[in-house]
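Below are the chains, spelled out letter by letter.
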Amino acid sequence: MSTTPTMNLPSTPRGESKTPHFVDTAPFDPGASEPTANEDERYLRASALTLIWWKFRRHRLAVISALVLVALYASLPFVELIAPYGLTKRNGDFLYAPPQTLRIFHDGGLHRPFVYPYSFTFNEETFTRDYKVDVSRPQPIRFFCPGEPYRFWGLFDASFHLVCPPKDGTMFLLGTDRLGRDMFSRIIYGARISLTVGLVGIAVSFALGLFFGGLAGYLGGWVDNVIQRLIEILRSLPELPLWLALSAALPANWSPLLVFFGITIILGLLDWPGLARAVRSKLLALREEDYVKAAELMGASRSRVIGRHLIPNFMSHLIASATLSIPSMILGETALSFLGLGLRPPITSWGVLLNEAQNLAAVNLYPWLLAPIIPVVIVVLAFNFMGDGLRDAADPYH
Amino acid sequence: MISFVLRRLATMAVTLLLISCLVFIIIKLPPGDFLTNQIAELRAQGGEAAAAKAAFLIKQYGLDRPVWEQYLAWLGVWPGPNGFSGLLQGNWGWSFEYDRPVNEVVGDALWLTLAINIAVVIFVHIVSIPIAIYSAARQYSWGDYLATLLGYLGLAIPNFLLALVLLYYMNRWFGISIGGLYDPKYATAPWDWDKFKSLLQHMIVPTLVIGLSGTAAMIRRMRANLLDELGKQYYVTAKAKGLPPTRALLKYPFRMALNPFVADIGHILPGLVSGSILVSLVMSLPTVGPILLAALRSQDQFLAAFILMFVAVLTVVGMLISDLLLAWLDPRIRMGAR
Chain C
1 MSTTPTMNLP STPRGESKTP HFVDTAPFDP GASEPTANED ERYLRASALT LIWWKFRRHR
61 LAVISALVLV ALYASLPFVE LIAPYGLTKR NGDFLYAPPQ TLRIFHDGGL HRPFVYPYSF
121 TFNEETFTRD YKVDVSRPQP IRFFCPGEPY RFWGLFDASF HLVCPPKDGT MFLLGTDRLG
181 RDMFSRIIYG ARISLTVGLV GIAVSFALGL FFGGLAGYLG GWVDNVIQRL IEILRSLPEL
241 PLWLALSAAL PANWSPLLVF FGITIILGLL DWPGLARAVR SKLLALREED YVKAAELMGA
301 SRSRVIGRHL IPNFMSHLIA SATLSIPSMI LGETALSFLG LGLRPPITSW GVLLNEAQNL
361 AAVNLYPWLL APIIPVVIVV LAFNFMGDGL RDAADPYH
Chain E
399 MISFVLRRLA TMAVTLLLIS CLVFIIIKLP PGDFLTNQIA ELRAQGGEAA AAKAAFLIKQ
459 YGLDRPVWEQ YLAWLGVWPG PNGFSGLLQG NWGWSFEYDR PVNEVVGDAL WLTLAINIAV
519 VIFVHIVSIP IAIYSAARQY SWGDYLATLL GYLGLAIPNF LLALVLLYYM NRWFGISIGG
579 LYDPKYATAP WDWDKFKSLL QHMIVPTLVI GLSGTAAMIR RMRANLLDEL GKQYYVTAKA
639 KGLPPTRALL KYPFRMALNP FVADIGHILP GLVSGSILVS LVMSLPTVGP ILLAALRSQD
699 QFLAAFILMF VAVLTVVGML ISDLLLAWLD PRIRMGAR
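These protein sequence lines map, in sequence, to chains C and E.
So the first sequence is numbered by our numbering: it starts at 1 and just counts up by one.
So the second sequence is numbered by our numbering: it starts at 399 and just counts up by one.
If you're looking for bench data, these hints aren't it; they were derived computationally from the structure.
Please note: incorrect hints may appear among the correct ones.
Among the chain C residues that face chain E by a calculated CB cut under 10 Å, a handful are [stated by the list, open to error]:
{"no.": "1", "residue": "244"}
{"no.": "2", "residue": "340"}
{"no.": "3", "residue": "346"}
{"no.": "4", "residue": "347"}
Since the structure is predicted, the reported quantities are computational estimates derived from the model, not experimental observations.
Ideal Cβ positions, reconstructed from N, Cα and C, are used throughout, including at glycine.
Start from the sequences, fold in the hints, and give me the full structure.
Pasting the structure below:
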């Protein structure tokens, strides 16, 4: 294209006579030039976000998973209210107590929710703990009640709970552990750590992936080559031994909270190559799109092309792939804590809880200690389904 | 083909070099390893002999040298106190915890790790190919849904717990002894048919557990590949010309879908090796897994470094094999076209 100073056409980006970026401020009505039917109109005018939402909504399993996850994350600030017992409350008379079933039928009639009490005897012949259930005395559980006191958000003392054990009774819906601590409450408290691990870890890996992937895709050349090789090397290494080695390298005198951050950063450090690769390939592919060329021809600066046109377009993809890698982090933390190299008590995560179920005696005698596996599976599946739905919806124009 | 193999070998060498560097950094990262503790202890003892021994240790392990020299000496490309003697020369270092050379400590564990991983790779392929073909050919049938569900569960259940639970039930239902790779009574026995049979029995659970998530991933990808091919015109033409469905499926689309499948061996391998380490820890299999964990806990640096290196070599060589297979299958890759 030849440009002359009199013509109001943008020159090639490297030309000296570059015209400033032109944006017409006059209102633009696309319907005026090409009238369309009402239904089509609604579709054509919808923003990318709306289109993504419409497409995502059709994926029923993904929507349900998203709702489950939102509910779980929304409940995290209020675990003290939800859990019937405190995190460290020990019930000395009920060590390794089996789960109590929540019932609504007593003696053939409907009854408000209750549990049957049980009493503990030590069988001296078999050396097992026997719990005898007393089916004659239903103990109704209480709702919206004052229970065990706690310090809410570290700000003020409170004792309000959504559900409380019966008066003078117990309510161990998932049994108790070796110190008589209620598993159900501990799982609820553990959600706080286990669910945040994934988010913090993905934030680290997201930042690294965006940085390295952006650098590789944007600069190209030898930088691209070096980063590509680095990605290949990191991807060819088995993650677990490296996680083990790195978490063994965390100083032993760190506080549990520091260890928590250390572990999440370690999980994120090894996860970014996948995201970086996605960013790079998306950057390279989108650079060839017509609208990018159009923006360039209209004289948009490089930062505007990247910030206004490229990033919004691949962000949806990135969020989808990030969602799909959260489960591996949650599972990674669970595995590390299970092996005793991850988080340490008093920080309680699902992996820390599972650490107690490490031996076969637990599987044999106290199978309820394996209960934390249920939320792990639910959360991992929900993230997978939601990620699948997001990935399918991420590109609404195809 | 030869130039492709040579190029691939060169890349592998560079990759391994960088990995060795990474491993060395990780091993040197924790403050206060086994060796420095020992030296500090000797110094605290005081006395002529202890001081001499501390000085000897410092000299022997090059602690007075810069880190990069220590690294190169460990690798075997720089003269250490005993001349060139490192990984490349087959001297894998000294385990301080066991007070024996590393190669004596790891010994058989290397072969068993290799055996388990090969068994798992074979298992994953034998199981996932037929299931994937069935799932794709009968899309949205009950069998397809079942396979998808199993796949998702394989993805979501942590394999260490599955190992624990399966181990328990295998013992309860089939009387297979818990943990280890063969019955304790064969521990010192020479290898014969009975011991081999016991080994095979004990391999079932680990193979199943380690392979589950890999199988799930394989089925999903193979099914998607095959579905892509099934929509193409050549398949429709083949069917329209009267080729029996099974033959039409196996002769063309299946072969096309196999390509990305072979490439996937490289992708699932790191996961499998990770899984085998984790599962061996839970099931106390005599692989490198438990040795690695113990070495990391006691900061037995050369032992841990060697095992990390071994595990990396395992995956990198596995990826090389999968790449070579792919090149052999697909001339486009062999010729360097993209």
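Here is how each hint holds up against the structure:
1. 244: Where the cut-off is 10 Å and the nearest Cβ of chain E is about 6 Å from residue 244/C, the hint holds.
2. 340: holds (9 Å)
3. 346: violated (21 Å)
4. 347: At 19 Å from the nearest chain E Cβ, residue 347/C fails the 10 Å test, so the hint is violated.
In the structure shown, a violation is registered for the earlier hints numbered 3 and 4, in ascending order.
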